[in-house]
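Engineer: Here are the chains, one letter per residue:
Number of protein chains: 2
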Amino acid sequence: MKAELVFIGHIETPYKTKDECPRNISKDGPLCTIVLKEKYEEGLYRLEPGQKILILYWFENVNRKLYRQYSGKTGRYAGLFALRTPNRPNPIAAATLKIEKIEGCRIFVKGLDCISGTPLLDIKPDINDIR
Amino acid sequence: MKAELVFIGHIETPYKTKDECPRNISKDGPLCTIVLKEKYEEGLYRLEPGQKILILYWFENVNRKLYRQYSGKTGRYAGLFALRTPNRPNPIAAATLKIEKIEGCRIFVKGLDCISGTPLLDIKPDINDIR
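Chains as they are written, first to last, in my numbering: chain A, 21 to 151; chain B, 21 to 151.
The following block holds chain A by itself, in its conformation from the complex (with noise of 0.2 Å):
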């Protein structure tokens, strides 16, 4: 069984290679910006600066039937499900952010750890900051 995902927009970073971004979120990171496409501008609605989001977005060109490895972390060795690593079989990110402004389709965000152009899936309000 399948199921198809649409890429509703973007992520803005200042990294362009893998080995340019850093291994995890940061919350004193640079300024980001999650770029939605202008048709789910008013799913927007009522969401607020300061408000914790969790994203989804979605790593690119990545071995998706790579089930062990090294933690680049810790180095130690496990398995995917046990690490964050990209290489997974729905190689889907998760990144919990707080919003610092919002301009039309441009959410601003500290610290993200992606290439920029990196697709957006997702933006749900944190479970613990539902408003």
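Bear in mind the hints are in silico, worked out from the structure with no lab data behind them.
All values reported here derive from a predicted model rather than from experimental measurement.
Any given hint could be a false lead.
Put simply, identical chains are the same to the list, so a pair is met inside one copy or across any two.
Pairs of lysine to aspartate or glutamate, EDC-like flavour, derived with a Cα cap of 16 Å [claimed, not checked]:
hint: 1; residue 1: K93; residue 2: D149
hint: 2; residue 1: K93; residue 2: D146
hint: 3; residue 1: K85; residue 2: E24
hint: 4; residue 1: K85; residue 2: E61
hint: 5; residue 1: K85; residue 2: E58
hint: 6; residue 1: K85; residue 2: E62
hint: 7; residue 1: K121; residue 2: E68
hint: 8; residue 1: K121; residue 2: E61
Based on these hints, arrange chain B on the given structure of chain A.
Structural biologist: Chain B in isolation, oriented as in the chain A frame:
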């Protein structure tokens, strides 16, 4: 642009219909089981009982083009990105839970909120509990 997901397993809960499902996860809810397909079992290596995981799962039969609606929780009218509604362009649900125990391909957790049989997309260590 589109991307394809694979279902890596399913979730077993006490709920057979949407109406029976609680509105959100609850850490004191009934025991539920995350059942991974056998081919992925080696990916569980070094995931441990007591550890917190983020799971991603797939909401089937939802409206992927409903951009605003009333919150089932607060009654407030809001955009889909300000809500945790299953009606989203990419109907991916996210839940953070503690592992009660692991037996082969089965991970036991408490208090999931979905219909039994819901397709599973991913398991990750919680960002604050990577071991």
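Engineer: Determine for every hint whether it applies to the structure shown.
Structural biologist: A quick look at each hint next to the structure:
no. : hint          : result
1   : K93 with D149 : between (29 Å within a copy, 13 Å between copies)
2   : K93 with D146 : between (25 Å within a copy, 14 Å between copies)
3   : K85 with E24  : between (19 Å within a copy, 14 Å between copies)
4   : K85 with E61  : between (35 Å within a copy, 13 Å between copies)
5   : K85 with E58  : between (35 Å within a copy, 14 Å between copies)
6   : K85 with E62  : between (37 Å within a copy, 11 Å between copies)
7   : K121 with E68 : within (8 Å within a copy, 38 Å between copies)
8   : K121 with E61 : within (15 Å within a copy, 42 Å between copies)
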